[in-house]
Amino acid sequence: MKRALGVCYYPEHWPEEMWAQDAARMVETGISWVRIGEFAWSRIEPAPGVFEFGWLDRAIATLADAGLKIILGTPTCTPPRWMLERFPDMLAVDPQGNPRKFGSRRHYCFSHDGYRAASGEIAARLGDRYGRDARIHAWQIDNEYGCHDTILSFSDAAREAFRTWLAARYQDIDALNRAWGTVFWSMEYRHFGDIDLPNLTVTQPAPAHELAFRRFSSDQVMRYHEVQVAALRARSDAPLIHNYMGRVLDFDHFDVGRSIDIASWDSYPIGFLSDRLEASEEHKARYLHQGDPDMQAFHHDLYRAVGREGRWWVMEQQPGPVNWAPHNPAPLPGMVRLWSWEAFAHGAEVVSYFRWRQAPFAQEQMHAGLLRPDDVAAPGLTEAAQVGREIAEMPEVSRGTAPIALIFDYPSEWTWATLPQGAGFSYFRLMLDAYRALRRRGLSIDIVPSSVSDLAGYKLVLAPGLAKMPTALTTALTQTVALVGPRSNLVTDELSIPVPMGPDLPGLDVTVARVESLPPSARRAARGGGSVHHWVETLEGGAPTLFETVDGAPVVMGNDKLNYLGAWPDAALWDRIIVHLAEAAGVTTCALPDGLRLRDTETHRFAFNYGPEDTDIDGRKIAAADVAWWPL
Amino acid sequence: MKRALGVCYYPEHWPEEMWAQDAARMVETGISWVRIGEFAWSRIEPAPGVFEFGWLDRAIATLADAGLKIILGTPTCTPPRWMLERFPDMLAVDPQGNPRKFGSRRHYCFSHDGYRAASGEIAARLGDRYGRDARIHAWQIDNEYGCHDTILSFSDAAREAFRTWLAARYQDIDALNRAWGTVFWSMEYRHFGDIDLPNLTVTQPAPAHELAFRRFSSDQVMRYHEVQVAALRARSDAPLIHNYMGRVLDFDHFDVGRSIDIASWDSYPIGFLSDRLEASEEHKARYLHQGDPDMQAFHHDLYRAVGREGRWWVMEQQPGPVNWAPHNPAPLPGMVRLWSWEAFAHGAEVVSYFRWRQAPFAQEQMHAGLLRPDDVAAPGLTEAAQVGREIAEMPEVSRGTAPIALIFDYPSEWTWATLPQGAGFSYFRLMLDAYRALRRRGLSIDIVPSSVSDLAGYKLVLAPGLAKMPTALTTALTQTVALVGPRSNLVTDELSIPVPMGPDLPGLDVTVARVESLPPSARRAARGGGSVHHWVETLEGGAPTLFETVDGAPVVMGNDKLNYLGAWPDAALWDRIIVHLAEAAGVTTCALPDGLRLRDTETHRFAFNYGPEDTDIDGRKIAAADVAWWPL
Amino acid sequence: MKRALGVCYYPEHWPEEMWAQDAARMVETGISWVRIGEFAWSRIEPAPGVFEFGWLDRAIATLADAGLKIILGTPTCTPPRWMLERFPDMLAVDPQGNPRKFGSRRHYCFSHDGYRAASGEIAARLGDRYGRDARIHAWQIDNEYGCHDTILSFSDAAREAFRTWLAARYQDIDALNRAWGTVFWSMEYRHFGDIDLPNLTVTQPAPAHELAFRRFSSDQVMRYHEVQVAALRARSDAPLIHNYMGRVLDFDHFDVGRSIDIASWDSYPIGFLSDRLEASEEHKARYLHQGDPDMQAFHHDLYRAVGREGRWWVMEQQPGPVNWAPHNPAPLPGMVRLWSWEAFAHGAEVVSYFRWRQAPFAQEQMHAGLLRPDDVAAPGLTEAAQVGREIAEMPEVSRGTAPIALIFDYPSEWTWATLPQGAGFSYFRLMLDAYRALRRRGLSIDIVPSSVSDLAGYKLVLAPGLAKMPTALTTALTQTVALVGPRSNLVTDELSIPVPMGPDLPGLDVTVARVESLPPSARRAARGGGSVHHWVETLEGGAPTLFETVDGAPVVMGNDKLNYLGAWPDAALWDRIIVHLAEAAGVTTCALPDGLRLRDTETHRFAFNYGPEDTDIDGRKIAAADVAWWPL
Ligand SMILES: [Zn+2]
Ligand SMILES: [Zn+2]
Ligand SMILES: [Zn+2]
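As they're listed, the protein sequences go chains Z, Y and W.
Using UniProt numbering, the final residue of the first sequence is 632, and nothing's skipped along the way.
Using UniProt numbering, the final residue of the second sequence is 632, and nothing's skipped along the way.
Using UniProt numbering, the final residue of the third sequence is 632, and nothing's skipped along the way.
The set of hints was computed from the structure by calculation and includes no laboratory data.
Computed from a predicted model, the values in this text were never measured in an experiment.
Virtual Cβ for every residue (Gly too), placed ideally from N, Cα, C.
Be careful, since some hints might not be right.
Unchecked claim - Pulled a few chain Y residues facing chain Z out of the computed Cβ check, cut under 10 Å:
(1) Met187
(2) Gln204
(3) Ala208
(4) Phe428
(5) Leu432
(6) Thr471
(7) Thr475
(8) Leu495
(9) Ser521
(10) Ala525
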């Protein structure tokens with residue numbers, strides 16, 4: 001399959017007269033896919049049961065006639081105002097107990113039975129009309145589950161559903177009490193109906209209570225989602241897609257991914273740098289107009305893992321300044337092309353820009369499109385067109401092969417969020433630090449779910465921060481060189497401390513005797529360079545010490561094959577650890593210039609210069625914000 | 001009219017035996033006006049319908065007998081506890097949905113019909129009794145509308161009134177849907193009764209929705225206010241006044257100003273420096289005991305514009321440390337006199353100190369008065385007496401003439417608040433930066449509303465940040481040298497992007513192709529010195545470039561007559577732009593020493609040294625915290 | 001009485017088979033006391049009226065058989081879930097109006113009549129069963145009153161009780177109006193039933209209203225507490241204890257202390273450094289693994305004053321990293337021993353570690369115990385055992401004698417909290433600064449309540465920040481050298497300014513004419529070294545000036561016998577003032593090395609090195625985190 005470009009388009013936002021010319025210009029730009037419909041419920045069903053498909057029929061016809069393939073979205077993230085008349089209690093409720101009111105989007109509670117059914121109905125109606133329509137090449141279900149912190153809802157509907165979910169999980173209340181340790185503060189329950197949602201408690205609720213609520217909330221997404229999957233599967237053979245949002249981790253994307261065909265995500269590098277990345281002021285200043293050098297690649301690799309058979313897209317690609325971050329600078333010239341090519345280098349089938357033309361009204365009026373509101377080409381359009389020409393001359397989609405695997409696990413994120421033990425700590429933050437360290441050494445990486453049972457294809461596997469290691473994973477780690485930790489396999493599934501204490505790895509005599517969390521500026525130097533910070537474990541056991549602090553406290557213990565890392569390294573120490581293990585694993589690394597990143601496909605090596613100055617690699621000069629590739 | 005001093009006095013706070021002696025001492029200090037009554041409702045009407053005017057009669061008699069002119073306030077900002085029994089739903093509601101409870105002041109919702117009527121009734125009762133009383137020389141209506149964030153209320157009363165207001169504005173719901181762009185996220189409404197207040201939405205509500213609510217809220221102030229205006233107009237010929245609070249911008253002061261006779265404001269320079277000014281730590285440390293050198297003058301010039309025929313007062317002047325800012329240092333010796341003279345230099349008729357004697361009880365017990373609680377003179381009293389002697393020897397009130405106009409517009413503040421695009425950005429902040437730049441060059445300024453249609457009297461006019469330029473203003477700008485922008489005329493009245501895109505100025509080929517917002521530390525150097533920060537526009541068009549970045553991006557484009565500024569300059573660049581335009585306009589500027597400010601009346605030039613060290617101007621030495629004047 | 005060690009133990013958390021072995025190991029460690037039961041209500045009364053004492057009988061038997069003395073806790077800080085069925089309205093309500101839900105602990109409202117009675121009933125049931133049981137050597141009532149901000153509740157029950165309390169205090173509503181100064185903003189009340197709780201007001205409520213609510217809230221703790229006291233006194237002769245939490249000041253510990261026999265507190269030095277101490281980053285980094293050098297000693301001295309006849313314990317001693325602070329580092333080796341000995345040096349009878357074995361489940365699973373979850377000794381156990389051996393060879397409990405007294409007063413804390421006048425200011429913060437200054441000079445200190453009437457035993461007495469000085473205290477100060485101020489005796493009991501204005505000390509002609517609060521970085525240099533910051537008073541009067549600013553403003557005025565301090569000194573100035581007054585008082589001081597602290601008992605001088613490096617005193621070398629003692 002050839003790499004392709006797409007674009008997000010909202011025919012309902014524009015006079016019908018403009019559609020044909022827009023479609024022609026898309027094609028001219030090298031775009032072959034167009035996503036429509038996902039916010040249009042109030043136009044499709046302006047009143048309950050009153051459907052108006054005419055405009056949508058005509059929009060589909062106009063776009064398809066121009067040669068575009070259509071992705072049709074179910075509009076369920078934007079229930080119309082009249083839905084509230086049917087279901088006044090369908091609103092999500094925030095942690096303070098306030099209903100999240102109508103007036104923007106994503107205001108529904110995943111646990112509301114009525115709204116779930118209504119979502120299935122609208123999907124069915126769309127499926128009925130377009131499910132066998134060859135012009136519809138794919139379906140998008142809903143839009144950005146979880147965006148705007150919408151997974152956890154503290155509504156009455158959620159409370160009732162949570163009790164039911166708990167009853168199913170634990171069967172009897174004594175099992176729940178044991179699992180949660182409710183004896184601790186006389187929190188014991190006598191009936192499932194006594195259990196409330198874990199918000200507004202005097203101090204922290206029982207961690208297992210909160211973790212159960214997070215698991216439940218993720219399951220509610222699946223329960224909601226599957227109604228639409230079923231409606232569309234019954235009516236269409238086109239692939240189903242969901243577009244995940246960057247660093248939205250409150251539900252298990254692997255679960256959703258298994259139920260559909262293609263994963264996609266919405267990539268806003270500069271917005272994410274501003275609003276959802278822990279980094280120094282210097283780092284944020286350096287990458288202000290480019291985005292973080294690893295944030296996109298991490299998600300690319302993640303969604304290659306989430307997508308069935310590795311199929312994944314970028315459904316929304318930032319094409320210029322956005323409107324929603326604390327500050328919204330423009331990309332350096334070249335970055336739209338760089339981001340696009342980076343996605344392809346990581347195996348994307350399609351990169352689709354958000355959006356075709358900047359809307360002159362409503363919430364995102366200051367979010368750039370490929371066109372300005374006055375129809376003049378914005379800088380992103382020129383870069384998109386260049387990418388369009390370039391992909392035509394390049395090989396087909398390649399998912400590449402990576403020598404390195406990084407285990408990623410959503411419940412670990414929830415576990416850390418429930419018991420961070422240090423302000424500002426999170427699983428994702430640790431994962432990204434590990435990922436950065438691998439990438440600074442030029443390595444290509446696969447992200448792999450914790451359910452993996454075969455790691456034979458990898459030379460080196462990292463599993464930092466993994467709450468509970470499944471047995472199959474523990475076994476699979478023996479196939480390769482592995483670095484487990486910090487804070488890996490230290491808790492049970494119910495977020496308590498197991499005895500024997502973790503990491504309890506077969507063949508590795510290491511026990512985490514104690515953990516410490518440290519304030520941001522605290523550091524302990526490692527012998528030989530670098531230091532540990534944030535999180536430090538006291539390691540005991542007979543395994544050899546590979547790295548240690550200047551005081552002689554072990555930091556990494558292992559046998560080079562199976563190794564445990566008992567701290568959160570800074571960049572310098574991460575580099576030393578990666579180099580050491582890569583050598584042990586027979587993987588070649590190179591120290592890349594600051595801001596340069598590499599990615600190998602089956603046929604080519606790609607180099608991306610995120611830095612604001614020219615750099616070079618292997619004698620090749622690469623300008624700021626430029627991308628280069630050469631055959632492997 | 002001779003300049004005069006006043007004071008705020010609360011006879012109800014003191015034993016009746018003290019009144020006569022207080023009055024005599026006021027007169028002795030050089031005070032001729034005294035404001036009373038604005039917090040005394042519970043003493044005037046201690047129970048519903050039970051009026052006790054005796055004490056007020058006696059207080060008025062005592063003060064007037066001493067020779068003082070009385071401003072009588074309507075006590076509507078402090079409805080008594082029993083009012084809640086009449087109207088349990090009269091409380092304003094905060095954005096989180098909590099009623100703002102009784103126990104301080106300003107707890108009423110402007111939209112409550114019952115309370116609005118009750119406010120008219122108490123005004124009428126006061127008018128009945130004192131409206132033709134020659135001792136009452138002016139009326140103050142309510143007190144500091146909007147203080148403590150009290151304009152926006154999310155009550156049921158507000159919701160109902162908002163729907164009515166929307167129906168009147170848009171006539172039919174389709175017009176509203178079009179204006180707000182509700183199609184964007186299926187937010188379309190079928191009935192005005194479906195529309196909720198724009199709080200507690202999942203993410204940002206439609207900007208036009210929020211802007212409409214802000215306009216509505218300002219109109220509700222007017223609606224409330226006019227009931228009292230009508231009650232008093234029918235019963236008195238004395239001038240009506242309102243005392244606005246510094247940097248309270250949630251309602252349109254020009255609207256209120258048109259309905260009454262004299263504008264006044266409450267000036268707390270040191271409190272404002274601490275609690276409502278964006279400035280560096282260094283700036284705040286330097287002016288800790290003086291207040292910002294431009295904040296007061298800005299408001300003076302603003303209220304000269306708000307007052308009918310330029311009539312304005314300072315109704316409350318800080319006389320020593322206040323109690324309500326995060327930190328409350330004392331003024332440098334001399335500052336109370338400096339602030340007073342600065343107000344007179346900007347055209348004030350009256351400067352009235354808040355308050356006569358420090359109250360030993362209740363919320364403001366740590367707020368200084370001219371007297372200490374034990375009746376000893378506080379430092380402010382001595383300075384007030386000096387001002388009293390000085391004004392006696394000076395000419396009458398002079399509003400001065402200014403060569404420079406700065407356009408100020410409340411809806412622009414609301415527009416920026418609705419869509420700041422950058423954290424910490426506001427219209428007021430930009431305006432104050434522009435105003436500072438003009439003042440650092442020694443210029444006297446008029447603030448002018450955006451409804452102005454004649455600017456012929458001015459040599460240079462600035463219109464930064466103006467959301468939507470009225471046609472009459474655009475025309476009037478041709479009469480003078482003008483600097484429009486940044487972010488001026490880029491949106492429609494309904495907060496959407498017009499096509500053709502702005503600034504769309506006749507005779508000036510400039511289009512804002514793109515905007516960027518930048519984090520606080522980001523800067524782009526300008527060729528020749530200074531830099532731009534915060535907000536940067538990409539300017540296109542055929543107009544000549546007057547200023548540009550070192551990369552060649554235009555910063556100011558224009559023909560020296562009509563010019564557009566496409567960025568937020570830092571102080572150094574502002575200075576260069578002002579000097580350049582002043583030369584083009586034939587206005588003489590001078591670079592003032594740090595902290596020195598000038599203001600010309602018709603007869604005199606005044607110089608104010610806000611700096612903590614001595615300085616000099618034109619060979620005249622001016623001590624720290626001192627003021628000097630000389631004939632023009 | 002011999003010094004002794006204790007431990008907190010939760011038999012209900014562990015299989016019954018482990019109890020005997022745990023008990024034996026406690027004894028082996030040198031532990032003689034064990035606290036049980038305080039969180040076990042759901043096991044004692046698993047359903048309403050269904051009591052299960054069997055397990056508790058067996059636990060008591062097992063522990064006592066091993067030779068341990070038992071402290072039995074009433075479990076009232078953890079009402080079981082079924083209590084909510086009896087009293088759905090028993091929950092405390094937060095300042096935002098949200099009920100504080102079940103799911104952790106301390107969710108009860110002190111004002112709820114039903115829950116108060118239920119607390120008395122469970123205490124009575126425990127008293128019935130164990131009150132005359134010789135194995136129960138002491139009772140703990142409830143646990144950490146006020147922890148998690150649980151004193152102030154804004155519930156309906158609190159509102160009703162507050163009205164009753166006010167009616168009892170003021171008798172008639174006019175008295176309340178006068179006391180509160182409600183005339184200020186027409187806040188006057190006609191009936192006690194009109195008065196609401198002081199939350200959610202538009203701006204600050206009347207200070208006397210808030211202070212009354214704080215006094216009421218403290219009284220409600222007593223009212224609640226005394227029901228349990230009565231229940232146990234009627235059934236047992238064993239001493240009653242409460243365990244106060246560090247820096248929880250929302251109720252009057254002296255009141256509680258008078259009603260029971262022994263004071264105890266819960267000492268978490270490293271947690272407190274992280275979560276409840278104002279200090280520079282440098283200070284927090286230096287003491288990251290030790291805790292603040294004065295925070296523990298301050299509380300030790302405070303609870304020696306709170307305990308009847310000076311009897312006090314540490315009921316919970318941090319034994320390793322905790323889980324609840326923003327960051328949770330481990331103690332330096334030696335600190336557990338140092339903390340224990342410091343408590344004994346200040347007169348503790350018992351130091352009891354929290355907890356025996358780290359719980360592997362629930363909220364505090366990451367809180368260290370003396371044992372790890374897997375039963376391996378944690379580092380704290382070894383240090384505890386060393387202390388156990390050391391106390392055996394030392395003299396009995398000694399409360400010591402101190403030449404210095406520091407007056408401490410809970411209503412002063414509430415007064416500052418009600419009217420801080422400067423962001424971040426608090427009475428406790430000022431007190432700790434004064435205490436630190438005394439300790440840096442090697443002094444041993446007694447903390448004394450403001451109700452004291454005899455100070456003849458002291459050479460020097462400090463009373464900083466004391467809201468209102470009782471007459472008896474004023475008189476007692478003449479017995480000694482005294483330093484009063486800053487901000488002492490400046491307000492009445494009803495938080496208004498008295499006339500004559502304070503400090504109004506007999507024989508000292510000083511008046512505070514004005515006060516200023518300053519932002520954190522502002523400083524005014526004192527002549528001779530050091531400076532004042534935060535809070536500066538303008539002092540007037542004929543008393544001699546002992547210290548002044550470089551501008552000649554008095555900082556300390558007095559006659560060396562009775563002195564008033566009119567500012568918040570920095571450390572350098574505090575040192576100078578203390579040295580000066582100590583000389584005047586004939587007290588010898590010495591400048592201690594950084595981090596070293598001394599405490600004298602009747603027989604020994606103890607030295608504690610909180611610093612991270614070795615130090616020495618009088619030729620004795622003391623290692624980091626070490627303690628030394630020698631006979632006096
Ligand atoms: Zn999106
Ligand atoms: Zn005021
Ligand atoms: Zn505790």
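Each hint, compared with the structure:
no. : hint   : in the structure
1   : Met187 : holds, 6 Å
2   : Gln204 : holds, 5 Å
3   : Ala208 : holds, 7 Å
4   : Phe428 : violated, 19 Å
5   : Leu432 : violated, 20 Å
6   : Thr471 : violated, 20 Å
7   : Thr475 : violated, 24 Å
8   : Leu495 : holds, 8 Å
9   : Ser521 : holds, 6 Å
10  : Ala525 : violated, 15 Å
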